[in-house]
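Peer 1: Here's the letter readout for the chains.
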Amino acid sequence: DAGVTQTPRHEVAEKGQTIILKCEPVSGHNDLFWYRQTKIQGLELLSYFRSKSLMEDGGAFKDRFKAEMLNSSFSTLKIQPTEPKDSAVYLCASSLRWGGYEQYFGPGTRLTVL
Amino acid sequence: GDSVTQTEGPVTVSESESLIINCTYSATSIAYPNLFWYVRYPGEGLQLLLKVITAGQKGSSRGFEATYNKETTSFHLQKASVQESDSAVYYCALGGYSNNRIFFGDGTQLVVKP
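Chains Y and E, in that order, give the protein sequences.
Using the working numbering, the first residue of the first sequence is number 1, and each one after it goes up by one.
Using the working numbering, the first residue of the second sequence is number 1, and each one after it goes up by one.
Incorrect hints may appear among the rest.
Dumping the calculated DSS-like pairs for lysine-lysine here, alpha-carbon to alpha-carbon at most 25 Å [as the list claims (entries may be wrong)]: (1) E/Lys51 x Y/Lys39; (2) Y/Lys66 x Y/Lys39; (3) Y/Lys39 x E/Lys113.
FYI, nobody ran anything at the bench for these hints, they're computed from the structure.
Because the structure is a prediction, the values reported are computed rather than measured.
Construct all of the structure, not just a fragment, from the sequences and the given hints.
Peer 2: Pasting the structure below:
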C-alpha cells in the first residue's frame, strides 16, 4: 500500500501569495491530520478530519489557514495570504478510525515565505 | 490541560554509550492515556517507534525501550548502546481520546558521534 503522499515537497512563496498544499492519505484511512512543524514550536495541529468532517480546527490558525477534505482520498491546505512566519514544514498524517491511534505521516512540504 | 514535556535537545552522545530521553505527560482530559515515541530520521518522514497503551507496561523497538509509569506520569526513552544510525529527532506523544487526536512533545534531536 502507498503511504501518505504530499505535494509539493518544497514551496517558495512571496509574502502575500496564496499557496495550496496537497495530501493523499493512506487508502482506507478515516482520519486525516495537518500539522505545522517548526524547531521552536514542535508539531502544532492545524486541522483534524474524520471521514471528511472537521473534528478540530487549530484555533490559532483559523485566520489564514484553511484545510479541506475534497473527498476521502484527497485533502488540501490553503494558506492565504502567506507571511514569512509561516515558513515551516507542513505535515499530513492519516490513521484508521479504530487503529489504536497510530498516525502515518507523509514526507512533508517545506514552505519558505520570502 | 493535556501536554507532553520532553528533554530539550540537541542531545549528543558517543556511539555505544547509553541514552535516556525524558518524557513526562499531563493527561487531565484522558481517562486512559496511550503513550508513543515517534522518530524522524534525516530525510525521512515521521514514523512510529513504539507505543504502550497500558500503565506499567514496557514497549520496545530497534533496541529502544520505554516504560509507561502512571505514578510519575513518565515515559522515558532509553537505549543501552546507541549507534550512529540512531541520530534522529524523537517525539514523545500522548493519545487516548475518543478520537485519534495525539499531542506531541517538542521533539528531541539526538546526535550520535562516531
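Peer 1: Are the hints correct? Go through all of them and say.
Peer 2: Hint check:
Between E/Lys51 and Y/Lys39 the CA atoms are separated by roughly 24 Å; this keeps the pair inside 25 Å, and the hint holds. For the given pair, Y/Lys66 sits about 23 Å from Y/Lys39 by alpha-carbon distance, which is consistent with the 25 Å threshold. Our distance criterion of 25 Å between C-alpha atoms is met by Y/Lys39 and E/Lys113, whose separation comes to about 22 Å.
Going down the numbered hints, you'll see the structure goes against none, and every one checks out.
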